[in-house]
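Quick mapping for you: the protein sequence lines, in order, are chains A and B.
Residue numbering for the first sequence follows the numbering used here, beginning at 1186 and increasing consecutively.
Residue numbering for the second sequence follows the numbering used here, beginning at 7 and increasing consecutively.
Think of the hints as simulated: they come from the structure by calculation, not from any bench.
Note that CB positions come from ideal geometry on N, CA and C, so glycine has one too.
Watch out, some of these pointers could steer you wrong.
To be verified - Stretch by stretch, here's where chain B covers chain A in the computed footprint (C-beta under 8 Å, at least three residues): (1) 1271-1283; (2) 1555-1567.
Unchecked claim - Below, in silico cross-link-like pairs of lysine-lysine (DSS-like), each with a Cα-Cα straight-line distance of 30 Å or less: (3) 132(B) - 1268(A); (4) 132(B) - 1461(A); (5) 1463(A) - 118(B); (6) 1461(A) - 118(B); (7) 1268(A) - 1354(A); (8) 158(B) - 132(B); (9) 1354(A) - 1510(A).
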Amino acid sequence: MTFNPLEQRGIPLDRQLRNWRELNVQPIDPDRCDPYTRCRIITMNGIEVEAILFSHHLARNTVDPEVKRQLAQTRYIEAQQQKVVNWLLPGVSSVLETTIAYEQVAVDLTAWVARMEPDPYLKQAYEFGVLEDFDHLYRYANLYEMIEHRKAESIVDNLTEVMPGRPTKYHHRHPADNVRDPYAKDGTNPLSKLHALTILSAEQQTMNFYMNTGPTYMEPIARQLYQEIGLIEEEHVTHYESLVDPGETWWEQLVNHEYNECYLYYSFMEQESDPKVKAIWELHLNMELEHLHTACDLMRRFDGREPQEVLAPELPNVLTFEPNKQYLRELLDTQMDLTTLGAGYVREAHERFEKMQEQIHGGEEPPSERVMAEHQDMFGREYRVQSEGEHPDPAMREK
Amino acid sequence: MSQLHTPQAGDDQSDDLDVVALLMRQHGDIRNLFDQVEATTGDERREAFRQLVRLLAVHETAEEEVVHPFARQSMPGGRQIVEDRLAEEKAAKETLAALDDMDTDHPDFLPKLRALRTDVQEHARKEERYEFTHIRRSTDVTNLAAMAKAVKAAEAMAPTRPHPGVESGAANMALGPVAALMERTKDAVRKAMGKD
């Protein structure tokens, strides 16, 4: 790979503003699009939302009004980028359809990152989390068939299997056990920083999406399932954000954010099958290059350090959306019964976990179990897509 | 696609006490039939298309007889919303009639079908968002159930899966042309609504 964002120049910031006509993008066709195009859109929306929120937090912690103004300028462009990216999603999709696409992102993005992650502790964090999103996909897919009589495979298109992961009811852990240990900013592989930022952004967007769209449903089981999984998404944000070294300065974090956006737009530009969407990734990459240079200047000015000290010498291998079926099956075979204790993982249900479970379930089955019972009543079966054979865990095979 | 079969609304084991839930499942059934028509050829496509035409005819007629009159009366601005939906339905019916006269393996068939699919899907989502939401808000469980019963009466006019002992070809003949089917559906719905 020869692409080095630090050595490339993009579109000057004062030429990045788009008018209404340019913001009014043509959405993708939900019945005929490449499912991974939709996954890339959802991912980049999460990345842009994080960029905006991070910049707001930074601005609130910035005293110098001139720097605040500079941040506001870049942030406005990022807000336009978010609008263009997320408005590629079609209005004709239901919330539940988009939800299933969000879970496909969570599964195939996290699985790919886990496969590529060089640090074993971080890799374990992704492997642990992906089995939970995998189960959410299965629960929502069953809800989808109940409400809309549609199969999730019409969305995920056989690229991702749909079957039980670690059962959702066991995701409710004591909040203290959701906090991981961070990587060490000076010792870790720069790629690990990008991975952590990418996954925490995606999970944060999922959390935001469920917390806002869940109550738009009228069906009681749908409302309740969004509440349950929405709470787990908050746990996931806690889990992934705690992997980031809190010792990174604000400016270092800003540089990492901008560098990651360059990395992801470049990656998606390289693999995009839809030419109109590809053109957007390319345009946004050219905008991000300038945002990165602005961030680098701020880091030099306020930290007195060169951004090269914290960044990779060149862009890592492109981040890729592709099927991860065999990898996920290995995890299903070996990591179903894990939970967390402190910053580590255990196989037995410890006291703090048991107590949390007892309190949150209140002696009843949670929505994630009831949705399956209601689906069973309606169809006399479950909804699954097991294209590669039976579930690797005999206990999880359909009765 | 997996081998799992999603039964059509009315054939699943739902108690169907809510007209909105029932119609939303039917919207999915219609989408599934579009998939089936697109994915098949020859006789299989012809049969899938017949099913689609029947379900669309019955579904739209039931909405026109049951849902739209209620929305027109009970929702603020309901008259305009219903007029918009009726205009969309009229356009869809015209496309449907044109398709119905065409051989399903004709090169123009799929592009026209896809255009119809887009229109039908947009129409269905508009109903769900601008009409169904208000229906649930402005009526009670008894009325939701009564309307569901009327929609189910309509559906019985066009069995969408082959019934035992009935050749599907013979069933088609018995159902007659689309316009006649719509008329019979109207009568059945009115009877179920006690308007006869």
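Residue 132(B) paired with residue 1461(A) [C-alpha distance capped at 30 Å]: Distance of about 26 Å is within 30 Å: holds.
Distance restraint between residue 158(B) and residue 132(B), which requires alpha-carbon spacing of 30 Å or less: Given that 30 Å is the threshold and the Cα spacing comes to 22 Å, the pair holds.
Annotated coverage of the segment 1555-1567 of chain A by chain B, confirmed only when three residues or more have a Cβ within 8 Å: holds (count 5)
Pairwise hint evaluation, residue 118(B) against residue 1463(A), where the allowed Cα distance is 30 Å at most: With a Cα-Cα distance of about 28 Å, the restraint between residue 1463(A) and residue 118(B) holds, given a limit of 30 Å.
Distance restraint between residue 1354(A) and residue 1510(A), which requires alpha-carbon spacing of 30 Å or less: 23 Å, holds
Hinted pair residue 132(B) and residue 1268(A), Cα distance within 30 Å: 23 Å, holds
Given coverage of the segment 1271-1283 of chain A by chain B, tested with a Cβ cutoff of 8 Å and a minimum of 3 residues: As far as the segment 1271-1283 of chain A goes, the hint holds, because 3 residues have Cβ atoms under 8 Å from chain B.
30 Å limit on alpha-carbon distance, applied to hinted pair residue 1268(A) and residue 1354(A): With a Cα-Cα distance of about 35 Å, the restraint between residue 1268(A) and residue 1354(A) is violated, given a limit of 30 Å.
Pair hint residue 1461(A) and residue 118(B), alpha-carbon separation not exceeding 30 Å: 23 Å, holds
Of the hints listed earlier, the one the structure fails to meet is number 7.
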